Amino acid sequence: DTEVTQTPKHLVMGMTNKKSLKCEQHMGHRAMYWYKQKAKKPPELMFVYSYEKLSINESVPSRFSPECPNSSLLNLHLHALQPEDSALYLCASSLSSGRGLSSPLHFGNGTRLTVT
Amino acid sequence: DQQVKQNSPSLSVQEGRISILNCDYTNSMFDYFLWYKKYPAEGPTFLISISSIKDKNEDGRFTVFLNKSAKHLSLHIVPSQPGDSAVYFCAARTIPYGGATNKLIFGTGTLLAVQP
Numbered sequence: 001d002t003e004v005t006q007t008p009k010h011l012v013m014g015m016t017n018k019k020s021l022k023c024e025q026h027m028g029h030r031a032m033y034w035y036k037q038k039a040k041k042p043p044e045l046m047f048v049y050s051y052e053k054l055s056i057n058e059s060v061p062s063r064f065s066p067e068c069p070n071s072s073l074l075n076l077h078l079h080a081l082q083p084e085d086s087a088l089y090l091c092a093s094s095l096s097s098g099r100g101l102s103s104p105l106h107f108g109n110g111t112r113l114t115v116t
Numbered sequence: 001d002q003q004v005k006q007n008s009p010s011l012s013v014q015e016g017r018i019s020i021l022n023c024d025y026t027n028s029m030f031d032y033f034l035w036y037k038k039y040p041a042e043g044p045t046f047l048i049s050i051s052s053i054k055d056k057n058e059d060g061r062f063t064v065f066l067n068k069s070a071k072h073l074s075l076h077i078v079p080s081q082p083g084d085s086a087v088y089f090c091a092a093r094t095i096p097y098g099g100a101t102n103k104l105i106f107g108t109g110t111l112l113a114v115q116p
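First to last, the sequence lines map onto chains Z and D. Residue numbers for the first sequence follow the working numbering, beginning at 1 and rising by one. Residue numbers for the second sequence follow the working numbering, beginning at 1 and rising by one.
In case anyone wonders, no lab produced these hints; they're calculated from the structure. Here the structure is a predicted model, which means the values were calculated and not measured. Among these hints, one or two may not hold up.
Unchecked claim - In silico contact screen, one side only, chain D against chain Z (beta carbon under 7 Å); selected entries:
#1 37
#2 39
#3 42
#4 49
#5 65
#6 67
What the hints assert, rightly or not - Chain Z residues, not near chain D, derived (Cβ > 10 Å throughout):
#7 6
#8 13
#9 15
#10 27
#11 42
#12 56
#13 59
#14 62
#15 70
#16 84
#17 92
#18 105
#19 108
#20 114
#21 116
Even glycine gets a Cβ: it sits at the ideal position worked out from N, Cα and C.
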């Protein structure tokens, strides 16, 4: 069982919908991440939160809006998505995101998003 | 540009034999390397890592070798088991210039099939 929990497992939404993806971890990790993975491609980094502050935004379109309400929770708010945004969205956490500390990322099982 | 490459999209090995998965990188600033395993419909699972100051790390059946001069790392699995059949991603950590938060960049993945 993964220690990073993502909900929902599957989501189908229209281009005018607003929805949110949720991620939760209780390992005491202080860094949380959103990755996007298309079929037969590697995971691509979208956002990094470190100590509940956004520290990396990989030039992600504003129709994706991350939120970190506390150290255990990470949300990704979706609005006006395009069909090409259909992908597996992976949340991950690590003990720290800083220089000098080798801390592997622990991933959830992802949300399979389909935009119609 | 793909900074982390896995040139073999697939590999087939007999049960009990050694599996060798390879990964090449281009960025000499990477300081930490990881291997992940991914089953369909699940998130990547951390397997083993190595710091750039080492050339070998071993954990049970898994050994990772790092050749910094060649910018090459490999994962050895011995003996291979049918349950090892999955997609294997190598990943490398970098810290963006001027930043304090590290980024993990994934390779393209190798599908390992272990035949009984």
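Give me the numbers of the hints this structure contradicts, sorted from smallest to largest.
1, 2, 5, 6, 7, 11, 12, 17, 18, 19
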